[in-house]
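Line order of the protein sequences matches chains A and B. Per the UniProt record's numbering: the first sequence = residues 1 to 107. Per the UniProt record's numbering: the second sequence = residues 1 to 233.
Please note: incorrect hints may appear among the correct ones.
DEER-style ranges, computed between Cβ atoms [unchecked claim]: (1) A/G32 to B/L224: 21 to 31 Å; (2) A/A62 to B/E159: 42 to 52 Å; (3) A/D69 to B/E159: 29 to 39 Å; (4) B/G203 to A/T65: 54 to 64 Å.
In silico DSSO-like pairs for lysine-lysine, Cα to Cα no more than 27 Å straight-line [what the hints assert, rightly or not]: (5) B/K76 to A/K77; (6) B/K34 to A/K10; (7) B/K176 to A/K10.
Read the hints as simulated data drawn from the structure, not as lab findings. Quick reminder that beta carbons are idealized off the backbone N, C-alpha and C, glycines included.
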Amino acid sequence: MLDRDEDILKAAEDWQKAGRGVALATVVETWGSAPRPAGSSLVINDEGTFLGSVSGGCVEGAVVTEAMDVIESGKPKMLEFGVADETAWNVGLSCGGTIRVFVEKVG
Amino acid sequence: MKLEILHELNAERAARRPVILVTDTESGEQRLVKAKDFATDPLRAELEKQLRMGRSANVEAGGKKLFLNVYAPTAKLVIVGAVHISQALAPLARSLGYDVTVVDPRTAFASPERFPDVPLVAEWPDTALPPLNVDPYTAFVAVTHDPKIDDPALLHAFERNCFYIGALGSRKTHAKRGDRLRAQGARESDIARIHAPIGLAIGAVSPSEIAVAIMAEITAVLRLPPKEKEEAA
């Protein structure tokens with residue numbers, strides 16, 4: 001319950017139907033004080049436009065880059081990130097968490 | 001994710017029906033399980049547990065690593081009665097993630113000054129409730145103390161199968177309410193669904209404490225497995 005990621009999956013569908021290459025990144029596992037829970041998602045299109053989040057902002061850049069490869073190859077990828085203390089401090093996040101993010105192509 | 005799956009997922013979410021997306025995180029294979037199909041699914045126990053908790057999780061089944069992504073509708077809270085308790089209840093429920101609407105035909109009560117930022121409908125329940133799309137993911141509380149307002153509202157909540165129905169009033173008041181609702185065609189099983197006196201018994205005195213007792217009870221009904229739920233109530 002309490003799903004607030006409403007428009008992210010809608011955007012994924014709309015972008016795909018509009019002919020864009022689209023990838024969906026989903027947090028599938030977290031350890032420690034990860035900023036976003038499992039199930040949180042980020043949708044990315046082949047222009048580099050993205051919506052949603054898988055962290056508080058620290059790893060989205062890297063996920064978007066990886067998503068470009070996934071859109072190109074069509075093969076899903078599992079990414080793992082430690083939320084570095086320094087980066088976390090800069091964006092005001094809790095420290096020390098680790099997340100695994102599943103990136104897949106839509107369509 | 002296949003476009004068909006994404007399309008179906010969005011359609012189910014738009015219709016406020018819970019679904020769980022099961023992904024094999026090694027092969028990328030996926031399937032979507034609708035709540036109505038949980039009972040016949042091999043992952044039945046896991047699916048039911050994760051939906052109840054509203055939490056996505058990893059499970060291992062048949063040698064496969066599966067990620068269960070839970071998509072449950074945003075819970076709603078409909079408060080009938082723009083009374084003092086409601087002024088504490090509305091912001092509390094919002095902080096817990098509920099979409100809150102307050103209904104009260106008495107405009108002196110249902111005023112924006114008393115309920116800043118809360119959607120208010122200053123109409124009688126018969127007019128106010130149908131457009132709110134009250135459903136099984138809605139908690140429903142009737143707190144006006146006025147049978148003319150509370151009774152038709154409760155009848156609507158029965159019809160829409162709200163996951164929680166609560167009404168303000170002592171046992172004595174509630175017994176009289178039962179008689180009135182029966183006379184209006186309510187079934188015994190409907191009346192038994194009303195939580196009254198409303199809220200968990202925590203000795204609440206002030207309106208804010210009563211609001212806490214109500215949200216605690218709603219949370220228990222939402223999250224506890226059926227057996228423990230009975231013990232808490």
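Checked hints:
no. : hint                        : in the structure
1   : A/G32 to B/L224: 21 to 31 Å : holds (28 Å)
2   : A/A62 to B/E159: 42 to 52 Å : holds (50 Å)
3   : A/D69 to B/E159: 29 to 39 Å : violated (52 Å)
4   : B/G203 to A/T65: 54 to 64 Å : holds (56 Å)
5   : B/K76 to A/K77              : violated (36 Å)
6   : B/K34 to A/K10              : holds (18 Å)
7   : B/K176 to A/K10             : violated (48 Å)
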